[in-house]
Structures are given as structure tokens and as C-alpha cells.
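Since chain A is already given, all that's left is putting chain B on it; use the hints.
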Amino acid sequence: AQTVTQSQPEMSVQEAETVTLSCTYDTSESDYYLFWYKQPPSRQMILVIRQEAYKQQNATENRFSVNFQKAAKSFSLKISDSQLGDAAMYFCAYRSLTNAGKSTFGDGTTLTVKP
Amino acid sequence: DTAVSQTPKYLVTQMGNDKSIKCEQNLGHDTMYWYKQDSKKFLKIMFSYNNKELIINETVPNRFSPKSPDKAHLNLHINSLELGDSAVYFCASSLSAVSNQPQHFGDGTRLSIL
Numbered sequence: 001a002q003t004v005t006q007s008q009p010e011m012s013v014q015e016a017e018t019v020t021l022s023c024t025y026d027t028s029e030s031d032y033y034l035f036w037y038k039q040p041p042s043r044q045m046i047l048v049i050r051q052e053a054y055k056q057q058n059a060t061e062n063r064f065s066v067n068f069q070k071a072a073k074s075f076s077l078k079i080s081d082s083q084l085g086d087a088a089m090y091f092c093a094y095r096s097l098t099n100a101g102k103s104t105f106g107d108g109t110t111l112t113v114k115p
Numbered sequence: 001d002t003a004v005s006q007t008p009k010y011l012v013t014q015m016g017n018d019k020s021i022k023c024e025q026n027l028g029h030d031t032m033y034w035y036k037q038d039s040k041k042f043l044k045i046m047f048s049y050n051n052k053e054l055i056i057n058e059t060v061p062n063r064f065s066p067k068s069p070d071k072a073h074l075n076l077h078i079n080s081l082e083l084g085d086s087a088v089y090f091c092a093s094s095l096s097a098v099s100n101q102p103q104h105f106g107d108g109t110r111l112s113i114l
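In order, the protein sequence lines correspond to chains A and B.
Under our numbering, think of the first position of the first sequence as 1, with each following residue one higher.
Under our numbering, think of the first position of the second sequence as 1, with each following residue one higher.
No lab work stands behind these hints, which were simulated from the structure alone.
As a list, the in silico DMTMM-like pairs of lysine to aspartate or glutamate whose alpha-carbon atoms are at most 25 angstroms apart:
{"hint": "1", "chain 1": "B", "residue 1": "36", "chain 2": "A", "residue 2": "10"}
{"hint": "2", "chain 1": "B", "residue 1": "41", "chain 2": "A", "residue 2": "107"}
{"hint": "3", "chain 1": "B", "residue 1": "40", "chain 2": "A", "residue 2": "107"}
{"hint": "4", "chain 1": "B", "residue 1": "44", "chain 2": "A", "residue 2": "10"}
{"hint": "5", "chain 1": "B", "residue 1": "36", "chain 2": "A", "residue 2": "107"}
{"hint": "6", "chain 1": "A", "residue 1": "102", "chain 2": "B", "residue 2": "70"}
{"hint": "7", "chain 1": "A", "residue 1": "102", "chain 2": "B", "residue 2": "24"}
{"hint": "8", "chain 1": "B", "residue 1": "9", "chain 2": "B", "residue 2": "30"}
{"hint": "9", "chain 1": "B", "residue 1": "44", "chain 2": "A", "residue 2": "29"}
{"hint": "10", "chain 1": "A", "residue 1": "70", "chain 2": "A", "residue 2": "29"}
{"hint": "11", "chain 1": "B", "residue 1": "41", "chain 2": "A", "residue 2": "26"}
{"hint": "12", "chain 1": "B", "residue 1": "22", "chain 2": "B", "residue 2": "53"}
{"hint": "13", "chain 1": "B", "residue 1": "44", "chain 2": "A", "residue 2": "26"}
{"hint": "14", "chain 1": "B", "residue 1": "71", "chain 2": "B", "residue 2": "58"}
{"hint": "15", "chain 1": "B", "residue 1": "40", "chain 2": "B", "residue 2": "85"}
{"hint": "16", "chain 1": "A", "residue 1": "114", "chain 2": "A", "residue 2": "81"}
{"hint": "17", "chain 1": "B", "residue 1": "71", "chain 2": "B", "residue 2": "30"}
{"hint": "18", "chain 1": "B", "residue 1": "44", "chain 2": "B", "residue 2": "24"}
A few chain B positions that, by computed beta-carbon distances, are all more than 12 angstroms from chain A:
{"hint": "19", "residue": "24"}
{"hint": "20", "residue": "73"}
{"hint": "21", "residue": "80"}
{"hint": "22", "residue": "112"}
If you anchor each label on the Cβ, the simulated ranges turn out as follows:
{"hint": "23", "chain 1": "B", "residue 1": "14", "chain 2": "A", "residue 2": "58", "range": "48 to 56 angstroms"}
{"hint": "24", "chain 1": "A", "residue 1": "74", "chain 2": "B", "residue 2": "27", "range": "30 to 38 angstroms"}
{"hint": "25", "chain 1": "A", "residue 1": "44", "chain 2": "B", "residue 2": "28", "range": "17 to 25 angstroms"}
{"hint": "26", "chain 1": "B", "residue 1": "22", "chain 2": "A", "residue 2": "9", "range": "30 to 38 angstroms"}
Where is the CB? At the ideal position from N, CA and C, for every residue including glycine.
Pulled out of the complex, with its shape left as it was, chain A reads as follows (with noise of 0.2 angstroms):
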């Protein structure tokens, strides 16, 4: 069975500068997914960014950039220029493309970004 570890509960930032929440997980697969999704105190689940495991360029969606490195089996989340919107629980999920597609998310980072 997978499983998806985020070290850090809990993380903070000062406004406009760079914070990197990290995620390490364990597969014997071979090809999988990966992806971010963060959580405000509104609840809804929102994506940040995903990767194919068979993708060696790291993603990128604006602010927002994974460090990808696939023989370690870590997948860290790097946010650039941090805004007080960035404030949210992110989590890391890895999805199998086999066993159903079944997704396995980490236990959660909690961001607190600071004027």
C-alpha cells in the first residue's frame, strides 16, 4: 500500500517571501500521479499543481512549483512571493493507476503566511 508523508504540520512564511512544504512518499509502482491541492478555512479542496510521474520536468503553475525527484520518491511544494491567500492547509496526494485509481493524500501542512 502507498503511503504519503508530509514532515511538517505546520509551516509559516512572512508576505512575499519563499516557503517549501515537503512530501515524501512510498510506491513500488513504477508510473503514478502526484498532486498538491490546498485547503482554507472556507474547507473547499482546491488543485495547486499536479505531476506525472513520468514527466521528469518539474511542474509549474505560476507562484507555485514542485521539486520532483522520483528515485527519492519526494515531492516538495515551493511557493514563491507568498500571499496572505496562501494561507490554507495544502495537502500531497499520490494517486495509483492501478488498485481503481486510488488516491492516498498525507496528513495535511498547515500554512500560516505573516504580514
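Here is chain B on its own, set in the frame of chain A:
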């Protein structure tokens, strides 16, 4: 135009009661899910349906029974509610079961058992 809508948003009820949560998606997706998020914010999958067929059934008490009348709807019925059932329940959908497309989540239903 809400993509994934679930009702009700809040549900307060007493132990032992039976309740249902409804979910509908208008995205044309084939796959729908139920997740449970507990008080520590841990998110765990409960069930997944693909084109009305159950494809994921995690270790969930059989008091929980999902039903998918069509691929746009996935409901969750819970019998004999217990204190430990208090949580936020999220419905989600995705284009297909195995896809690089993300899951789209509803706003959640906060279930509180008195």
C-alpha cells in the same frame, strides 16, 4: 454553476439516527468518491464509483452504504450514527478512475453527532 454540490452543508443529529448526504456533479465525470476528514484534518477515502459501479470500498463499517443511481450522483446513507462518525464528509469527482486530471471536491458536509 457549482461543479460538485453536496447537501446538506451541516448535519446535526443524535446518536442512533439514520441520515443521508447527497452529492451531484455536473462535470460529466465518470468517477465519484466519498472521503472522510476527521477532527485532525486527516483525509481518508471511503468509497469510489466508476460509472455507477463500486470500485473502491475501504475498511468502512457496513453502517455506511453508498448508492450511485447514475454517474452524476453519489449518495451516502449512514445507519445508527455513532459519536465517532462526527467528521466532515467530502464528495469528489474525477474524469475517470485512472487519470492525471485532479479530483474536484464539493464543499463538504459537517456531520455532528450529539
